[in-house]
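Peer 1: Letter by letter, the chains look like this.
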Amino acid sequence: MRFHLKIWRQAGPDVAGRMVDYDVENVPGEASFLEMLDVLNETLVARDEPAIAFDHDCREGICGTCGVMINGRAHGSLRGVTTCQLHMRSFADGDTIWIEPWRADAFPVVCDLVVDRSALDRIVQAGGYTSVHTGTAPEANSIPVPRHAAERAFDAAACIGCGACVATCKNASAMLFVAAKVSHLALLPQGRVEARDRVRTMIARMEQEGFGGCSNTAACSAECPRDISMEHIARLNWESIKARITSGS
Amino acid sequence: MSLDAKIPDGPLAEKWSRHQAGLRLISPANKAKIDVLVVGAGLAGASAAASLAELGYNVTCLCFQDSARRAHSVAAQGGINAAKGYQNDGDNVWRLFVDTLRGGDYRSREANVYRLAELSLRVIDQAVAQGVPFAREYGGLLANRSFGGVQVERTFYARGQTGQQLLMGAYGALLRQVERGKVRMLPRREMLDLVLVDGRARGVIARDLQTGRLERHAGHAVVLATGGYGTIYYLSTLAMGCNASAVWKAHVRGALFANPSFTQIHPTCIPATLETQSKLTLMSESLRNDGRIWAPRKSRDERRPEDIPDDERDYYLERKYPSYGNLAPRDIASRAAKEICDAGHGVGPTGRGVYLDFADAIARQGQTVIRERYGNLFDLYEKITGTNPYETPMRIYPAAHFTMGGLWVDYDLMTTVPGLFAIGECNFADHGANRLGANSLLQACVDGYFILPHTITDYLADDIRTGPVPAEQPPFETAEREVRERIDRLLAIRGTTSPRRFHRDLGITLWNHCGMMRNHADLERALADVRALRERFWRDVHVTGSADGMNPELEKAGRLADFLELGELIVRDAIARNESCGAHFREEHQTDDGEARRDDTEFMHVAAWGHAGPDAAPQLHKEPLVFESTTPTVRSYK
Amino acid sequence: MDTIAQKILMALTGLFLCLFLVVHLVGNLPLLMPLPAAQLRFNAYSEALSHNPLIRLASLVTLASVLVHTLVSLVLTRRNRSARSVRYAVARPAETSPWYARRMGLLGTILLLFLLVHMRTFWWEYKFGEVGVDAAGRRDLYGVVVAAFQAEWYTALYVLCMGALGYHLLHGVASASRTLGLHHRRYGRWLEGLGITFAVGVSAGFAVLPVFVYIMRG
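Protein chains in written order, with the numbering used here: chain S, 1 to 249; chain R, 1001 to 1638; chain D, 2001 to 2218.
Here chain S stands alone, though its shape is the one from the complex (with noise of 0.2 Å):
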């Protein structure tokens, strides 16, 4: 297969970028994007032009790193995958293909199609975990937790935290990504103790971290490789206007 490919190419924080044309050809059909890209990028470095940067690892879609925009939707426009999983034989042969970076304030590009997601990280680390020593945990049957409790919490653990949710949506937000961690510890009875802290400290960092307030568009699950419902946002809400309503400050 031949594509025709036009890429933001930026060659580092501070300058401007563009996109930019390429032709690749001969792509088989069951080569990844990841794999089409790594193909350019063998003819890039034939002609001795830098490769282009973009940001991936397991190449299985469960680490979360890789993620772009491929003709306007996150992660291409198959449901529920990361860009790795995405396999070129769902575009047709000669199709021209944008390729972005996400596009957030709260995610500034670092090189080409990287960008930095550190706010996420910092999001969680205002709260986004139990806090519990190492070595102090009760043995691990002393509280049951009904079984649907945990498959729900699973579901909103599912969060590989890829960004897509803020590249896609229209004010860039991060509710969806804030509200999985959230939901995921709050169904929890071992997450529930410090539930009402979490809530308040997680909003306050995702609002610092300069992210867009959420429309309930949900653009952000419909396009979250894992699925992630919205659910989750309205029990981020809950857990948000509970906090608000009970907290002495």
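There are no misleading hints in this set.
Here are the in silico distance ranges between beta carbons for each label pair:
(1) G1375(R) to K6(S): 30 to 38 Å
(2) D1600(R) to R89(S): 48 to 56 Å
(3) S131(S) to I1508(R): 47 to 55 Å
(4) R2081(D) to R89(S): 33 to 41 Å
(5) E2152(D) to D14(S): 54 to 62 Å
(6) S131(S) to R1371(R): 32 to 40 Å
(7) P138(S) to G1467(R): 38 to 46 Å
(8) P2098(D) to P144(S): 40 to 48 Å
(9) Q1590(R) to S131(S): 51 to 59 Å
Below, in silico cross-link-like pairs of lysine to any residue (SDA-like), each with a Cα-Cα straight-line distance of 20 Å or less:
(10) K1006(R) to A1021(R)
(11) K1638(R) to E1339(R)
(12) K6(S) to Y2088(D)
(13) K1383(R) to R1371(R)
(14) K1383(R) to E30(S)
(15) K1182(R) to H133(S)
(16) K1031(R) to G135(S)
(17) K6(S) to I70(S)
(18) K1383(R) to I70(S)
(19) K1033(R) to N1058(R)
(20) K242(S) to R200(S)
(21) K1182(R) to G135(S)
(22) K242(S) to A195(S)
(23) K1015(R) to N1092(R)
(24) K1182(R) to R122(S)
(25) K1383(R) to A92(S)
(26) K2127(D) to N2028(D)
(27) K242(S) to D2002(D)
(28) K1031(R) to H133(S)
(29) K1383(R) to R89(S)
(30) K1383(R) to P28(S)
(31) K242(S) to L2009(D)
(32) K6(S) to R2087(D)
None of these hints come from the bench; they were simulated from the model. A quick note: this is a predicted structure, and the numbers were derived from the prediction, not measured. Glycine included, each C-beta is placed from N, C-alpha and C at the ideal position.
Dock chains R and D against chain S, hints included.
Peer 2: Just chains R and D, lined up with the frame of chain S:
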């Protein structure tokens, strides 16, 4: 050099508790004066960094990924073993110990393995308290499943994403300490050298992968938690970024490298089909609980698998290993697949594949049950291959996966360089010649949460009066200069071949000659090939871009340069170990029915290699393995 | 105030306005009665409204809700826009979310303008204009209504604006309920259905009135 593993005296079951009781302590006030560097933020690195910071040390943690949450621990699908004995099936610490030791074909230390089994109890407690959503029974208590190589149900799991969930727990613990100011987290940093001051590990040189700047990081001790190096085979189940550079630099600076050739080839991966392919995807071993592995009896059978009648199928694992069947350990299952494909019974376009069939399980238990158990794995398979495993059997083939080899460490997890510790997959300690399924997450957690924080304290007890380690001193300057020179050298070659091509060539050589089956002649050829490749690399590699700013090609080239040296050591180790054991299968040493034949008189030792320079033969040091509580037997899974 | 608090304000004021819409619609239903009952009942209702102190208070709250709803939406929109200063060269949002969910600002602006026109035509006329009296001696707002909807363009404008209202409500009710944290695995769907029914019912109800008047009283 005589290797002292510092195994404590006393009965096996009491070694760790006695040893721990004898370790020196440091008061909280004094811990605040001590800096520890942790390289790697996977399950081992994050758990160690978090636990050390909780104790009061000042921790700097580096990882090459853009976030601490991305390390390849996330990809462990199947589960984590723990001898909780919840299922009333007779499991206990002793059985986990024996299974691990036996699975490793008696090439690991009794004391280490026992400690692993013993501390497994606490790992589950820790993870549950962190909010890891393990699978549960309807009564709300934790569920278990069985896993390759064992006959009990002791594997805890979180759907097919146990590694990710455990890592999220450790990542949360780590970030909590970042928030408290006790951990300085530095992502997108690659360690490029280890700095020794007066013979002790006192720092690292790292490259900021975002800006290209070289940085000096100083501390009182250095902990490597940098994972495995299976990517040396080019196509592997590992993440693209996994590399051996940190451990290799440590090795060059004096840390012995143990059993480098012990590489686990995972039996259930999606077969490679393309030249452009960049990696292989693992299908969790847990699939073997319900899936049956078979190949057509007829050679080069072109029929669709559904059309091949049962009596023309060879369920070869069930045939060869009636008692374990499809749950035979990984090395055995992998080799069996290779043999059957070599004999012409392989399936798929390349003939390198066998079927993993769920038709019986679906007929017996219903599609709902199977979907509940493996739904996400089936979806993953369908995404990649475009075929639906509910309807047609999966095609699988072995792929390079886990490296049992790694930096040699003593019982305290310290390498032969004082102050340099290695934890998780990057050390060699617990798995012997073959790792048991669901033991890698266990080892990473146990090392990071429960062992290192104690043993490193004992080492650091000498450092409470040292004061801050300055990075502005000659050893750091020299190391930084050397790193810079090497980067410049790589960029200056401007040859004709991309790093990726070299990597591919190296991978093919190792896979073909030092993979699932090895023999002396092939290994000698591989040795010559790897050397020639290294020589050509330094003459002909082409690295585009510059050292300033982000340059993925430069990163690849640097990692590959280290792989080329490590590759040679791997082959040398495989040559020197003139026996078959676990994953190391020397064709010269097999029984009449094709099973591995150990040589316990000559090779009951850990092979620890010392670096003697890039072109000199490495020195082999042997650490004898002593079995006080068990008797090494011939592994039999029949 | 963080964006979630702002959203809660949006939701609460929005839901209050929904309540207002229901009351308003029910009050307007006499328009559909046969003559002369329609005229008498409608004018009686109008008079009752303008003299009830509770209703006056409620109308102040309604006005405040409109203002708060508008102002907060401006603040939020500004923030949301500034969260992405470099836009995508290619974006295909239509594939992941319905257009009206992304165009609430536009729909809201239409409704605000509509509100001004609506107030000018009826409220202003009723209060300050030259309005006749009906058989019961009440100011004949009914006559004002009938007169207004004689113009085709004006009637059409109303129908279009009620379309905008329908879409605004369609997303607004669902969004508000999520913002207020309402969710349930089983009853969530019911709630969703209720929201859709409400949006369609209210907007269709309001759209039927001018059309009815235009056709039946023309």
